[in-house]
Amino acid sequence: MELLGRAAPGVELRAEQAVESACHLADAAGPGVWSTGAAEDVLDAIDTLAEALGSAGEDVAQALAAVAAATTTARRHLGLTPAAGDEAAIPGTVPGTRSPRRMKRRGLGPGFQGIR
Numbered sequence: 013m014e015l016l017g018r019a020a021p022g023v024e025l026r027a028e029q030a031v032e033s034a035c036h037l038a039d040a041a042g043p044g045v046w047s048t049g050a051a052e053d054v055l056d057a058i059d060t061l062a063e064a065l066g067s068a069g070e071d072v073a074q075a076l077a078a079v080a081a082a083t084t085t086a087r088r089h090l091g092l093t094p095a096a097g098d099e100a101a102i103p104g105t106v107p108g109t110r111s112p113r114r115m116k117r118r119g120l121g122p123g124f125q126g127i128r
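Just so you know, the sequence shown maps onto residues 13 to 128 in the numbering used here.
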């Protein structure tokens, strides 16, 4: 499978933002700095990115199936609740086959303009 020479509108920019955010997180992370919420958010982001890239093709989705299994195992090791669909996850399944879910949003949203 070959990728297109040009990404759909907004995909490249959002992918670049995702990698920059991941680099900033990696710089800030270390032993003793993680909270339950932060760990859940990172694992959700990893799952979501793997699912998104898995939509590029069946071969890619099969290659990324290990990512879903790894994040499920990481949740179990950290004592976190399973993500939606993880309870029935079978090793070797394709990440993109689960029903789409909305990620829980944190923060004040794009329209927040401060307290006056």
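Think of the hints as simulated: they come from the structure by calculation, not from any bench. Treat the numbers as computed from the prediction; the structure is a model and nothing was measured. Glycine included, every Cβ here is placed at the ideal spot set by N, Cα and C. Mixed in with the good hints, there may be bad ones.
Here are the in silico distance ranges between beta carbons for each label pair [as the list claims (entries may be wrong)]:
| hint | residue 1 | residue 2 | range |
| --- | --- | --- | --- |
| 1 | Thr85 | Gly44 | 15 to 23 Å |
| 2 | Ala30 | Asp71 | 34 to 42 Å |
| 3 | Ala75 | Ala34 | 13 to 21 Å |
| 4 | Val23 | Val54 | 19 to 27 Å |
| 5 | Ala50 | Asp71 | 28 to 36 Å |
| 6 | Ala40 | Arg18 | 29 to 37 Å |
| 7 | Pro94 | Pro21 | 30 to 38 Å |
| 8 | His36 | Gly69 | 23 to 31 Å |
| 9 | Ala50 | Gly17 | 32 to 40 Å |
Okay, the hints, checked on the actual structure:
1. Thr85 <-> Gly44: 15 to 23 Å: holds (22 Å)
2. Ala30 <-> Asp71: 34 to 42 Å: Between alanine 30 and aspartate 71, where Cβ atoms are some 22 Å apart, the hint is violated.
3. Ala75 <-> Ala34: 13 to 21 Å: holds (19 Å)
4. Val23 <-> Val54: 19 to 27 Å: The hinted range 19 to 27 Å holds for valine 23 and valine 54, with Cβ atoms some 21 Å apart.
5. Ala50 <-> Asp71: 28 to 36 Å: holds (33 Å)
6. Ala40 <-> Arg18: 29 to 37 Å: About 33 Å separates the Cβ atoms of alanine 40 and arginine 18, which means 29 to 37 Å holds.
7. Pro94 <-> Pro21: 30 to 38 Å: holds (34 Å)
8. His36 <-> Gly69: 23 to 31 Å: holds (30 Å)
9. Ala50 <-> Gly17: 32 to 40 Å: Distance hint for alanine 50, glycine 17 holds at roughly 37 Å.
Of the hints listed earlier, the one the structure fails to meet is number 2.
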